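Just need the whole structure built from these sequences, with the hints factored in.
Each residue of the sequence shown is one higher than the one before, counting from 0 in numbering that gives the first Met the number 0.
Hint data in this document are derived by calculation from the structure and do not stem from the laboratory.
Honestly, I wouldn't trust all of these hints.
[Stated by the list, open to error] Below 20 Å or equal to it, Euclidean Cα-Cα: the simulated PhoX-like pairs (lysine-lysine) are: (1) Lys105 to Lys15; (2) Lys45 to Lys209; (3) Lys105 to Lys83; (4) Lys83 to Lys43; (5) Lys225 to Lys199.
Keep in mind the model is a prediction, meaning the values are calculated, not measured.
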Amino acid sequence: MELVLSDGERLEPLGKNYSVIVSDDHGFGTDAILLASFCGVTGKTKACELGTGCGIISTLWFKNGCRSITAVEIQQKACSQFEKTIRLNGAGESITLLNGDLRELKGVLPQGSFDLVCMNPPYKPLGTGIESRSEADRIARHETMCGIDDVTGCAASLLRFGGRLCMCHRPERLADVIVSMRCAGIEPKRIRFVVQQEGKKPWLFLIEGKRGSGRGMTVERELVIKEADGSNTAEMREIFGDYMDGHQ
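See the structure below:
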């Protein structure tokens, strides 16, 4: 199909027959790809992605067979960008895009109806680190528009009993995430740390909690990104799939 890209937008192939539109303001990193895989969606999953940005996670879900996806994004420019990706991939009947604030979804989305809520949230609390120059970067990287409690509170209202919340975050925020999930009635059930190479300190963790579940969490083996020679590990090659065919 013919698609007109705005200035600064470009096409990023995700593998055979699928692409996502990215820009300097709204792109994605390895953490988003890892989180999309960690969620473990199926064709029957009713999923909601909060803070979708360029839509990479929702697009990967669609690529993997999920056909009931709601994506929420507060920034209009990101929504306009993702709308083109949805049309490009023929996903209009499977992905519903909502330009809105996750803190104000009551009465907008059906409460207690989703199997899965997911977010790759801003990592930095307000007042820490060097703030990004652009507004889009500040919203994506700093907790200017939402914090961890906003995410877990929103997820608790959207999830059915037993529904899952999946997030990724930096290790230094682990205690904040676990406490926030539990206070929202979402019990942390499994966690996986991500390292660049064997023996390195984790730079990311992936966590899943279940609404209304009893206590007890599984710590999964580390996910290693690179071999000693700098090549992707076998597991990372599996996660990347045919996306890497055009990125060798």
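Fill in: 20 Å Cα cutoff - pair Lys105, Lys15
38 Å, violated
Pair hint outcome, Lys225 versus Lys199 [Cα-Cα no greater than 20 Å]: Holds: Lys225 and Lys199 sit about 11 Å apart, inside 20 Å.
When you check the alpha-carbon spacing of Lys83 and Lys43, does it fall within 20 Å?
25 Å, violated
Would the hint linking Lys45 and Lys209 be met if the CA-CA limit is 20 Å? 15 Å, holds
Quick one, are Lys105 and Lys83 close enough, alpha carbons at most 20 Å?
Since the Cα atoms of Lys105 and Lys83 sit roughly 27 Å apart, the hinted pair is violated (cutoff 20 Å).
Consistency with the previously given hints fails for numbers 1, 3, 4, ordered from lowest to highest.
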